[in-house]
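J.: Chains as they are written, first to last, in numbering that gives the first Met the number 0: chain A, 0 to 183; chain C, 0 to 144.
Cross-link-like lysine to aspartate or glutamate pairs, in silico, DMTMM-like; alpha carbons within 25 Å at most: (1) A:81 to C:24; (2) A:81 to C:76; (3) A:162 to A:43; (4) A:162 to A:91; (5) C:62 to A:115; (6) C:66 to A:115; (7) C:62 to A:135; (8) C:25 to A:115; (9) C:66 to A:135; (10) C:62 to A:134; (11) A:81 to C:46; (12) C:66 to A:118; (13) C:25 to A:135; (14) A:81 to C:41; (15) C:25 to A:134; (16) C:66 to A:134; (17) A:69 to A:180; (18) A:69 to A:140; (19) A:81 to A:140; (20) A:81 to C:50; (21) A:162 to A:180; (22) A:162 to A:33.
These aren't lab readings, by the way, just hints derived from the structure by calculation.
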Amino acid sequence: MRRSFSPFVIAAVVGVLCVLGLLAYGLLQTGTDDGLDSAVARGERPVAPAFELGRLGGGGRGSLVDYRGKVVVLNFWGSWCKPCRDESPLLERWHRRISDRGATVLGIDALDVTSDALDFVDEFGLTYPMVKDTDEAVGRDYAISGYPETFVVDRRGRIVALKRGPVDDAFMREHVLPLVEGRS
Amino acid sequence: MLVLALFPAVALAATCPRTSLSDVEKEVMCPVCGTPLGLATEAPQAERERELIRRLVEDCRSKEEVKERLVAEFGTEVLALPGDDGFDLAAYIVPALALLLAGGALAAAALGWRRVRGGHTDLTAKAPSAAASERLQSDLDRYDA
Numbered sequence: 000m001r002r003s004f005s006p007f008v009i010a011a012v013v014g015v016l017c018v019l020g021l022l023a024y025g026l027l028q029t030g031t032d033d034g035l036d037s038a039v040a041r042g043e044r045p046v047a048p049a050f051e052l053g054r055l056g057g058g059g060r061g062s063l064v065d066y067r068g069k070v071v072v073l074n075f076w077g078s079w080c081k082p083c084r085d086e087s088p089l090l091e092r093w094h095r096r097i098s099d100r101g102a103t104v105l106g107i108d109a110l111d112v113t114s115d116a117l118d119f120v121d122e123f124g125l126t127y128p129m130v131k132d133t134d135e136a137v138g139r140d141y142a143i144s145g146y147p148e149t150f151v152v153d154r155r156g157r158i159v160a161l162k163r164g165p166v167d168d169a170f171m172r173e174h175v176l177p178l179v180e181g182r183s
Numbered sequence: 000m001l002v003l004a005l006f007p008a009v010a011l012a013a014t015c016p017r018t019s020l021s022d023v024e025k026e027v028m029c030p031v032c033g034t035p036l037g038l039a040t041e042a043p044q045a046e047r048e049r050e051l052i053r054r055l056v057e058d059c060r061s062k063e064e065v066k067e068r069l070v071a072e073f074g075t076e077v078l079a080l081p082g083d084d085g086f087d088l089a090a091y092i093v094p095a096l097a098l099l100l101a102g103g104a105l106a107a108a109a110l111g112w113r114r115v116r117g118g119h120t121d122l123t124a125k126a127p128s129a130a131a132s133e134r135l136q137s138d139l140d141r142y143d144a
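Generate coordinates for the entire structure from the input sequences, incorporating the hints supplied.
T.: Right under this line is the structure:
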C-alpha cells in the first residue's frame, strides 16, 4: 500500500535537514586548520601558499614569487600587536644579517591602519619589505590564529619551520641560519 | 569680501560633523576581536580603529565615507553586515528558505482546507439514498416506541 506524507511533514523534514546541513557546513568552515603545523612537525616541507599583496604604503605589489630562490622569513604582524613591537628589532637585526646572503625578512601587515603601520615601521627603523594583508585573506591561507606568527620558507618556496607567536634568536639560529648557509 | 571668504567655513561648520563615533561603531566590526566595534572595549586593535574613525569624523566625513575607508583598511569583513560568500551566505539563505517553506506550508494548508471544505459541501448537498432513509426512519420509529 502506498503511503503519502502530508506537505507539513515534508516541509518540516526539509527544514530540519537544511538547518543540520548549515550547522555541519559552519562547523567545517570554522574548524582550525593545522595542516601546515602537522606537516612541518612530521618533517615535511609543505609548499608555502602563494600570494600577491599591495606594498605597505603603496608602491606596487609584492608576491612570494618575487623572492623565489631566496630564503624568506615571512612575518605576520600588526602595529596594534604588543608582542610584534617586542619582536620587530630582532627581525630587523636578522634581516641586516642575512639580506646580502640570498635571504630576506618579509613583513605581512594585517588588519591595520596604514598610517599606524607606517609609523611603526619608522619607529623601529624597519628596512625589510612589507606588504599589507588588508582583509587577512593570506593570513587565512597560513591558518594564522594570532599575531605575530612567522614562517621560514626555503629557496624552493617550501615551509621549513613556523612559529605561532614571537620568534627569538634561538629560533632564527636553528631554522634560518642553516638555510642561509646552505646546511639544510 | 570677508563674508564671502568666511561663508564656506560657516557652511562647513554648520554641516560638520556629519556622523559620530557611536553612530559608526554600531555598524562596523573589530576584525581582530570578531565582535561589533562597540563591544570591543579592551582590544588595542579596536582602539586604533576608533582613533581612525574619530579622525575621519573630525575631518567631516560622512558615515558612508568612514565605512568606505574602513573597508579599504580592513576589508569588507569590517562591516557588521554578513558577507555574500561562504558561510555568511546562510544569513541571507536561511530567512529566504524559511519564508519559502512557510509560504509552501501555508499554500498546502489552504489547498487541504479547501479540499475538505469542498468535500463537506458535497456530503450535505447529496440527498440520502432510499435505503439510508428507510433505515433512519426505522431507527427513529424504534426510539419512539
